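Can you build the whole structure from these sequences, using the hints too?
Spelled out from the first residue to the last, the chains are:
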Amino acid sequence: MKPFAYERATDPGAAATLVADSTEAVYLAGGTNLVDLMKLGVTEPTLLVDITRLPYDTIEHRPDGGVLIGALVPGSRLAGDLGVRERFPALAEALLSGASGQLRTVATTGGNLLQRTRCVYFQDVTKPCNKRRPETGCSAVQGLHRDLAVLGTSDFCLAGHPSDMAVAMAALDAVVHLRRVNGSPRAVPLNDFYLLPGDTPHRETVLQPGDLITGVELPPPPEGAAMSYRKVRDRWSYAFALVSVAAVVATDADGTLREIRLGLGGVGTRPWRARETERLLTGREPTEERLREAARAEFASARPLPQNAFKIDLAVDVITAAVRDLVGRQRR
Amino acid sequence: MTTLQRTVGAEVTRVEGREKVTGAALYAYEYPVPDALYAWAVQSTVPRGTVRAVDPAAALSLPGVVAVLDSRNVVRLRPTDTPELAVLQSPEVAYRGQIVAAVVADTFETARQAAAAVRVEYDVDDHDAELTDGDPRIFVPDTVNGGYPGHTETGDVEAALAAAPVVLDATYTTPPEHTATMEPHATIAVWDGDTLTLYNGDQGPWMTAARVAELFGLPEGAVRIVADHTGGGFGSKAIPRPPTVLAALAARAVGRPVKVAATRQQMFTMVSYRTPTRQRIRLGAERDGRLTAIWHDALQQSSTLTPYCEQTVTCTRVMYAARHRRTTHRLAQLDVPTPSWMRAPGEAPGMFALESAMDELAVELGMDPIDLRVANEPARDPETGHPFSSRNLVACLREGAARFGWAGRDPAPGRRREGRWLAGTGVAACNYPALTWPSTATARAEPGGGFTVRIAAADIGTGARTALTQVAADELGVAIDRVTLDIGRSAYGQAPWAGGSMGLSSWGWAVSKACRALVKRLDEVSGAIPPDGLEVRADTAEDVEARRAFSRHAYGAQFAEVRVDAVTGQVRVDRLLGMFAAGRVINPRTAGSQLRGGMCMGLSTALYENLETDPRFGDFANHDLATYHIAAHADVRDVQAHWLEEDDDELNPMGSKGIGELGIVGTAAAIANAVYHATGVRVRDLPITVERVRAGLPAGPPAGFSAGPSTR
Amino acid sequence: MRGAPPGARLWDVTAHAFHSDFALRVNGADRPLTLDHRVTLLDALREHLALTGAKKGCDHGQCGACTVLIDGERVNSCLVFAVAAQGRDITTIEGVAGLAAPEELHPLQRAFLDHDGFQCGYCTPGQICSAIGALTEAARGWPSHATADLAAGVGAPGELDADEIRERMSGNLCRCGAYPGIVAAIREVAGADGGGAPARAGAAGGAR
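Protein chains in written order, with this note's numbering: chain A, 1 to 332; chain B, 333 to 1044; chain C, 1045 to 1252.
Every clue listed holds true.
Here are a few chain A residues that face chain B, going by a calculated C-beta distance under 10 Å:
#, residue
1, LYS2
2, SER100
3, GLN123
4, ASP124
5, LYS127
6, GLN307
7, ASP313
8, LEU314
Note that these hints are calculated values from the structure, not bench results.
From a predicted model like this one, the values you see are computed outputs, not experimental measurements.
For each residue, glycine too, the CB sits at the ideal point set by N, CA and C.
Structure follows, in structure tokens:
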């Protein structure tokens, strides 16, 4: 880790100016991933701008049922928030199934969105990685890729996005609020926030230098919707997802799916919105067979490798079970 | 001396417990040593080759960097039979992750930065880091770890298999695993002239001191080890590892104390891992279940540095009667880090295979797996012919079954559905040799009425300090609060390590003998204690040597109750129950923790632990605790350890057998057998991951299963 | 270490340093320090303040051995730069007994002894600090992944069942496998006083 300067920002404008001025300056919020990566030598900033004292730490429930979550709200407080638990239980479940109690007390909402992949090669500076160092090659294709993505991958990178929270937010049609360097606000739907790796896997989001995430807005969920977050992992806690499914389901009285939104974790290079599955199911009766077919259709473009091919069947099973369960809950 | 209630057998609270719960207990890296510098290892980034050049310039230019060490500027060590300890002695690289240079700096942060700035150039050779059967370099070692023969054979196993009415032939694999002690290996090295003090996380202070002295060409006693508390060892701290040697070399080079702490990432290549195994087991049986043939073959790996081969098939030599038997270790030396001891080396992977095979055979025979084991109970050690000093395997199976609720178990697999779960139970047997090594100890009567007992033992969490205090108090006939039991210093004299589950048996004998001698001596002087105290020293070398030929082992049986998520294949271990027979238990409180802890680690190896060999690079792709999973709180539910009263006069004065390793042996098989019972899926490759379970489940989740929250 | 780093730009030449003078408030006392910004809170405690109770197990937030309380919340001190912890109230294992004054030991420390909730002891300070934080969270009614009804949350800490404790404590690995004793110890304390003693540490803004 190189020496770095440290500044505690007292207002967003000063913070943004400092960060925009240097490619080697970064914002420091909870630090749970940044400090980790700095120790590994993956990230080598020379200036940390501590933004934890900026005023983005509130949870505002809107009269329409939506919510604006400040970027600095830690996961523990967000998952503990009664309004979130009542109206966005999939988000609370996702948060509670991620990391550990002591990580969640510090890890912020904005930082969670910007988590870097846990691909072992990205984290090991002695091995090639296109994401960490462009055009050095991808070690995972021939190496360990069991935990990596099958959707959205390229020949350059198959690193998965590790966040649980963002998967739930993807299903909840979240909008990321930014403050540009010039002070102007910008709102980006979360599903447009992340870039696919393509041939530039080091570029992960639409953020421009100095952009500061100020919050995440969740619109009110569909009327009468039920939702859940289901995560499959190697141990029963404190592990990243092999596959996770955030499902938001609203049915009509006749049992057809009026609205369905699915976020997938563990399978995509970004928090994955299962648009194809949604398209095939919307307005249809969710029979077992149709659910499975629709779930499988999402993976038509998947590029599985030997170690992670199991994720496709696993995801199909979990999507099917999760939606079936929510539909059942709606009927009750 | 008044008559007191004996403390052996009592639930005495750990004597160092208060220090541990208040944070006062000092571990190696935490001793306040003034003026210490920080060393940081630079590791090889190639798996095989020669260091052509080390460019220290960038590192040396950083303020605070005192030295950059490589093979050209550190002291020469003596030749060693443990070649991975020849740190920085040559430019040859034998594995990726080997120490090829090191930085010494005034702060931890600068040392880390400077290590990253050292430029190392290599001449790279081709490498082969992948264990494959059929590799022409595979050989059968004459002896394996522990001094056991590499190969044994009785009768004609092939003919017996050909003639057997029922034959089981299956191959099992276990992956490389890592001890992953919570305390990474750490050392502070302090030279004073030609004496060296090492504050070291250590399982065997005296043995470490002797080995380091040998390496540095120093006389016996010139190296002092201080290891009051050690944050877990599991074999990895039984001998010094490269970080310890690096600390001593660096401190010598810069003339100041030096601290070294392996990072968690470095641990996976610098410190011992368990070899992967590929084991083929063939069993021949009569229809009534009696075994006629046992053939256990185990392929393992070591580095090119040393042919370390662990004793994977030795349990099989002891467990079951059969006239025809063959057991073989095979070894391939690859361009990989050197494997070494991890809790129950050999026995743990070996018994996963054997006890899985016994379960498969029971299924094949339509026999209860307990009855099958009972039917093959030998009267004498099946290979050596020695009588058993004691053997209560059958009693453990029967009593364990009663406590677990085994009776009435429907053996059919995949029949018990509870919501989305498939439930099942499994059993496996375990054994571990009851080893004892010579040891010395001193016992001293203090003028104030207290007693001080000193022995170069180590308490790595076993409870040894407490148990030895109890042994001493009973022999002295005093309350335990009058006994100060000092351990953790090599200066206390020859003593073995906390390893091979031999610690308490060996140390306790010496403590017992010293205390008895002191009592006798006190009688001789009518209790008159001189002003500087009265001290006696005991050495058990002759006593241990004089023991008669017996087959000495602890035995046990583990029972597992599991649920498997039929949607995902995730395995939940709801209950583990171990029933053990291990001689006399000195302290039920700490013994219970040892046995349960071993079972937890067994659960962890059954379901989670998997170092992924990275053949292209020659190391392990996963090398931290986020990607090398060990069992967490949520994975460990109801775990019980019970034991039978067992009197065995052929062991040691305490009548105890070691229990540090017994708990892990067998547990993985019990869980795998339960997974089979739950699902009908036989997973022969550890760990039992979702994809391995799912590979055997019918496609798609059964209708009517609900997803629900995943924790319960 | 003052001065410009290699490749420095205008801003760092003029205004920035790589170390700072500041104080950390630890176990109720202000401790002045001059530290390289790279020093984590964990290393500040262990290397600069002689408080070695918090342990370094992985240095990456993957084991929990370094857990301390910051403003009453459990935190992995290995992932916090010390300079960023100024102004916070830090409680380490050496100070937790003070949270439950006038007890000589914190009730959790005593319960860990009584239930043999440790073996090698290396993860123990982190387990105890984490348990204090976990009971504080439960006292607020916060659910966990093991909570049946997220909206309802949990009642008093004393109502937490073993699976709740296990889930909440899963950020603290124990390689010795002392988990059963740890869970028993925490349940006893949670039940005995409704988590009252730990909860006193829980109000945001002050561990004392």
